[in-house]
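Produce the complete structure using the sequences and hints provided.
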Amino acid sequence: MSVVDASLAGGYAVGDFLLVVAAGFVVLAIGMLYRAVKGPTMQDRVLAVNVLGTNTVVILAILGAALSEPTFLDIALVYALLNFLMAIAISKFTVERGGVL
Amino acid sequence: MTGTITPVVAEVTAIEASLFVFVVLTALATAFARDVLAAVIVFGAYSLGMAALYTFYRAPDVAMTEAAISAGVTTVLLLLTLAKTTRIDHEAAFEAVNYPAAGAAGLLFVGLAITMVDVPAVGSPDAPVWSNPDVTQWYLAETYAVTGVENTVMAVLAAFRGFDTFGEAVVVFAAGIAALIVLRREVFA
Chain P
1 MSVVDASLAG GYAVGDFLLV VAAGFVVLAI GMLYRAVKGP TMQDRVLAVN VLGTNTVVIL
61 AILGAALSEP TFLDIALVYA LLNFLMAIAI SKFTVERGGV L
Chain B
1 MTGTITPVVA EVTAIEASLF VFVVLTALAT AFARDVLAAV IVFGAYSLGM AALYTFYRAP
61 DVAMTEAAIS AGVTTVLLLL TLAKTTRIDH EAAFEAVNYP AAGAAGLLFV GLAITMVDVP
121 AVGSPDAPVW SNPDVTQWYL AETYAVTGVE NTVMAVLAAF RGFDTFGEAV VVFAAGIAAL
181 IVLRREVFA
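First to last, the protein sequences are chains P and B. According to full-length UniProt numbering, the residues represented by the first sequence are 1 to 101, in order. According to full-length UniProt numbering, the residues represented by the second sequence are 1 to 189, in order.
It should be emphasised that the hints constitute simulated quantities derived from the structure, not laboratory data. Hints should not be assumed to be uniformly reliable.
[Said to hold, decoys possible] Calculated lysine-lysine pairs in the DSSO-like style (CA-CA distance at most 30 Å, straight line): (1) P:92 - B:84; (2) P:38 - B:84; (3) P:38 - P:92.
Laid out in structure tokens, this is it:
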């Protein structure tokens, strides 16, 4: 019996609580989406998507803990790297047009 | 392992519902954004949400591919295309709705939604994958002994049909080299 299965108040396990926390982070991501869509400048959008990516890494880590799947952490690491690549590529594009890589 | 696996019929949880909302919102924003660069950026957010959904459905290999191809490679390729062409600055934030195109997309959605009725539920014993239980059970039981890979899906991809996957890798590698050659020529022309 792992920590995830330990019961909290009301018969709910820690895993259930973590799932609700992850859902809360997704709601925060939807809030951040407003900035990504609205802008008004490209820098706002780049920053918003960067925050969204970091948010996704956190969500994946929480899901890995809640569902007892440590391999999710590997995906979270790949995400962190890709998030960095995406932010760098878009930032370079907005500063010097044509210089993506 | 001789006993059959009891299927679990899933219900929509809070995290699924919130991820659905996120994915639909990002998809709509990508479709309606007037500025192309904004659409590319929001599309990156869309694929991140989609990959989180795949991960929640225990398909980490699909999630990894979605993240690498959609968030990584596609974003960079679209940005490169934008850099080689012209980007027009627009005053309006959102595109006006093109009603014929929206109608065509709606018809496609309705056509796909009709087929959804016949899709078996998650883990349903009536699913076609269980129509030949001997084969399914053989893979589930013997995969580790034959290949030494714990994940059955991974074993099928990388061991049982390894040459097929190898061919796919060659195609992707060739496409990457071709893209690099084309870019190098345009840059130094």
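Each hint, compared with the structure:
no., hint, result
1, P:92 - B:84, "holds (14 Å)"
2, P:38 - B:84, "holds (26 Å)"
3, P:38 - P:92, "holds (21 Å)"
Of the hints listed earlier, there is not a single one the structure fails to meet.
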